[in-house]
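> Under numbering that gives the first Met the number 0, the first residue of the sequence shown is numbered 0, with each subsequent residue one higher.
No wet-lab data here; the hints were simulated from the structure. Treat the hints with care, as some may be off.
Using C-beta positions, here's what the derived DEER-type ranges look like [stated by the list, open to error]: (1) A521 / G582: 30 to 38 Å; (2) S442 / A659: 19 to 27 Å; (3) A161 / E626: 25 to 33 Å; (4) D575 / T57: 14 to 22 Å.
As the structure is a computational prediction, the values presented were derived from the model and not from experiment. Think of the CB as a built atom: it goes at the ideal place given N, C-alpha and C, for glycine as much as any other residue.
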Amino acid sequence: MSALTAHRAASHCPYCALQCGMTISAEPGQAIAVEPRAFPTNRGGMCQKGWTSPAVLTAPDRLTTPLLRGPSGELEPVSWDIALDHVADTLRRLQVDHGRDAVAVFGGGGLTNEKAYALGKFARAVLRTSRIDYNGRFCMSSAAAAANASLGLDRGLPFPLADLGRADAVLLLGSNLAETMPPAVQHLAEVRDRGGLVVVDPRRSATAALTGELTPGVDGGGRGSQGVHLQPVPGTDLAVLLGLLHVVLMEGLADAGYLAARTTGLQDLRRSVVAWWPERVAAISGVPANALRRTAQLLAAAAPSHGGRGVYVLTGRGVEQSVQGTATVTAAINLALVLGLVGRTGSGYGAITGQGNGQGGREHGQKSDQLPGYRSITDSTARAHVAAVWGIEPDDLPGPGVPAVQLLRELGTPHGARALLVHGSNLLVSAPDATAVAERLRSLDLLVVCDVVPSETARIADVVLPVTQWAEEEGTMTSLEGRVIRRRQALAPPDGVRSELWILAQLAERLGSPVHFDTEPADVFAELARASAGGRADYSGLSHARLDADENAAGPGFFWPVPATDHPGTPRMFLDGFPTADGRARLIAVEHLGPDDQVRSDAPIHLVTGRVLQHYQSGAQTRRVDELNAAVAEPYVELHPVLGFRLGVPDGALVRITSARGWVEAGARWTDRIRPDTVFMPFHFAGVGSVNRVTNDATDPISGMPEFKVCAVELSAVGEEAVA
Numbered sequence: 000m001s002a003l004t005a006h007r008a009a010s011h012c013p014y015c016a017l018q019c020g021m022t023i024s025a026e027p028g029q030a031i032a033v034e035p036r037a038f039p040t041n042r043g044g045m046c047q048k049g050w051t052s053p054a055v056l057t058a059p060d061r062l063t064t065p066l067l068r069g070p071s072g073e074l075e076p077v078s079w080d081i082a083l084d085h086v087a088d089t090l091r092r093l094q095v096d097h098g099r100d101a102v103a104v105f106g107g108g109g110l111t112n113e114k115a116y117a118l119g120k121f122a123r124a125v126l127r128t129s130r131i132d133y134n135g136r137f138c139m140s141s142a143a144a145a146a147n148a149s150l151g152l153d154r155g156l157p158f159p160l161a162d163l164g165r166a167d168a169v170l171l172l173g174s175n176l177a178e179t180m181p182p183a184v185q186h187l188a189e190v191r192d193r194g195g196l197v198v199v200d201p202r203r204s205a206t207a208a209l210t211g212e213l214t215p216g217v218d219g220g221g222r223g224s225q226g227v228h229l230q231p232v233p234g235t236d237l238a239v240l241l242g243l244l245h246v247v248l249m250e251g252l253a254d255a256g257y258l259a260a261r262t263t264g265l266q267d268l269r270r271s272v273v274a275w276w277p278e279r280v281a282a283i284s285g286v287p288a289n290a291l292r293r294t295a296q297l298l299a300a301a302a303p304s305h306g307g308r309g310v311y312v313l314t315g316r317g318v319e320q321s322v323q324g325t326a327t328v329t330a331a332i333n334l335a336l337v338l339g340l341v342g343r344t345g346s347g348y349g350a351i352t353g354q355g356n357g358q359g360g361r362e363h364g365q366k367s368d369q370l371p372g373y374r375s376i377t378d379s380t381a382r383a384h385v386a387a388v389w390g391i392e393p394d395d396l397p398g399p400g401v402p403a404v405q406l407l408r409e410l411g412t413p414h415g416a417r418a419l420l421v422h423g424s425n426l427l428v429s430a431p432d433a434t435a436v437a438e439r440l441r442s443l444d445l446l447v448v449c450d451v452v453p454s455e456t457a458r459i460a461d462v463v464l465p466v467t468q469w470a471e472e473e474g475t476m477t478s479l480e481g482r483v484i485r486r487r488q489a490l491a492p493p494d495g496v497r498s499e500l501w502i503l504a505q506l507a508e509r510l511g512s513p514v515h516f517d518t519e520p521a522d523v524f525a526e527l528a529r530a531s532a533g534g535r536a537d538y539s540g541l542s543h544a545r546l547d548a549d550e551n552a553a554g555p556g557f558f559w560p561v562p563a564t565d566h567p568g569t570p571r572m573f574l575d576g577f578p579t580a581d582g583r584a585r586l587i588a589v590e591h592l593g594p595d596d597q598v599r600s601d602a603p604i605h606l607v608t609g610r611v612l613q614h615y616q617s618g619a620q621t622r623r624v625d626e627l628n629a630a631v632a633e634p635y636v637e638l639h640p641v642l643g644f645r646l647g648v649p650d651g652a653l654v655r656i657t658s659a660r661g662w663v664e665a666g667a668r669w670t671d672r673i674r675p676d677t678v679f680m681p682f683h684f685a686g687v688g689s690v691n692r693v694t695n696d697a698t699d700p701i702s703g704m705p706e707f708k709v710c711a712v713e714l715s716a717v718g719e720e721a722v723a
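Produce the complete structure using the sequences and hints provided.
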């Protein structure tokens, strides 16, 4: 590690999209330390991951020199010139021999806006490949597709997170905030006090437990002292939403005035939900009909049209990572619209972004069909604008590429890419059907991974390039609220480490591209702002200097769009209408079909996956922190005691989970906080306990989102632990 200079920097946590404000202290001769700031999302709080985040900066296996796989088959240290020359020469040869799409790029939702923008620019203006996507496809794509279709625009939360506390009710579907974003839970405190927290989850998660103790004898969902927990069969959340819509529309609980003035499609929606009466939904979902009716009535009573303070409907990965994820989010938006919530202060619909820059990462060029500013790559005006900023002709830009799962499936095949550049993603752990993904990656002519530590994906790469991480770089992030904020450098990176901005500029030069690449983050952001001007996600009124001045004055950043340097930002969207042709929101009828991988005789159990408080995403960072590993050191399988007795699997036994795609093994944990027909595994771990070895890579036909959250499996005890 290079010598540190005395420095304190106001910045943000490197993990989730809550982007908790923190101050980093990097004093010579002292351990790097962090402390929370009174930022609007975390209000001076921070979770265990945030408190221990400096440990990754000094990880013993931190990458500090380029690595190239040599004749021995091992990764060997080389100079930057040798590594970059090898990458450029191989990319050039592959594109000459096999076409421009022979090279693909895979980005990450943790990259700064500047890096995400430069990566998209490099792919399209230098490589001129259409094959670019990112791990945000695994995060927000279903919610984005639904919001764009229904509301005309996608911004995770189109309101500040702090607004939740003013409402009488919050409906939370498929999100375990208490473990994934613990500081966010304080924004639910007032709603809980009013008895208005409604959580939909097949597990009695830490978040579901916030609703209070369940009423005795209510199976599948019940009323607690502080709210309602509905516990559906995995994969039936859409049916639950259709049942709630049925009650609201058929029992006269909708906001008729709002629907008439601000929406279209009501009659089609009404016809589509007529058949979803609560008793039918109960038979499919396991949620009692009376619980559905009570929940619909609670939400309606809290809505402004009935004199309530307001309602928020929020969705997360649990309902979005599905082959019907877009349809499920569409139904959630429909519910918010029929209750008259969207575009009203104190109410609304929002999607909870997971990754640190999942919002900004898709807005500025990593998504296969988007250009900076959240522009469509097929729009001729958008192409002309961005091409002019980049100094190329619009026809030089490729067309839309393919979503992440399809891109990965095609790797190494005759019609797929033969080289892949990976930035900020650990595909061997995070992608569905991960064993097949590993085979595809190994079949490539060239796999290049930019990372800070030797992740599982980096270990099989042909070239590994060490890059800067959060406290070592300047830049911006966009939080789950669409709030653009500053990431600040607090310490110098280790000797030999380079920024991806520098790496992309060097590769562009070696490839003979005339396209200019800045390497200073402030300059890159200035170009990003110009490229975004006039787009849905317009950052043109922002700069590093303006963001710095705002935070120096104790400001909280700016909510996009910010179309001018004197524009204050847009904390709340849709107040004056929707960005659709007629200014109205679309009610879109959808139908419940169920998961792609249905339970059956040889796979009779539902598997659901999720996170634990101590770990993040693929665990490449958090599994290197001793304190976090001490708390949760290995994967586990959560199952109900009834299921354990039935299968002869005792608590603590080593168990094997088998799906149509493979198997995993981990220790069993009995708990009554999960349905007896369901098991749960966290997805942060590698090796035989990597649950994505068995998850389904079937995708939503609209968003391309894979169905991580539910698949059909068989469960059995392993070896001597099995019970006869």
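> Each of the hints needs a verdict: does it hold here or not?
Hints, one by one, checked against the model:
| no. | hint | in the structure |
| --- | --- | --- |
| 1 | A521 / G582: 30 to 38 Å | holds (37 Å) |
| 2 | S442 / A659: 19 to 27 Å | holds (22 Å) |
| 3 | A161 / E626: 25 to 33 Å | holds (30 Å) |
| 4 | D575 / T57: 14 to 22 Å | violated (50 Å) |
Violated hints amount to a single one, hint 4; each of the other numbered hints is respected by the structure.
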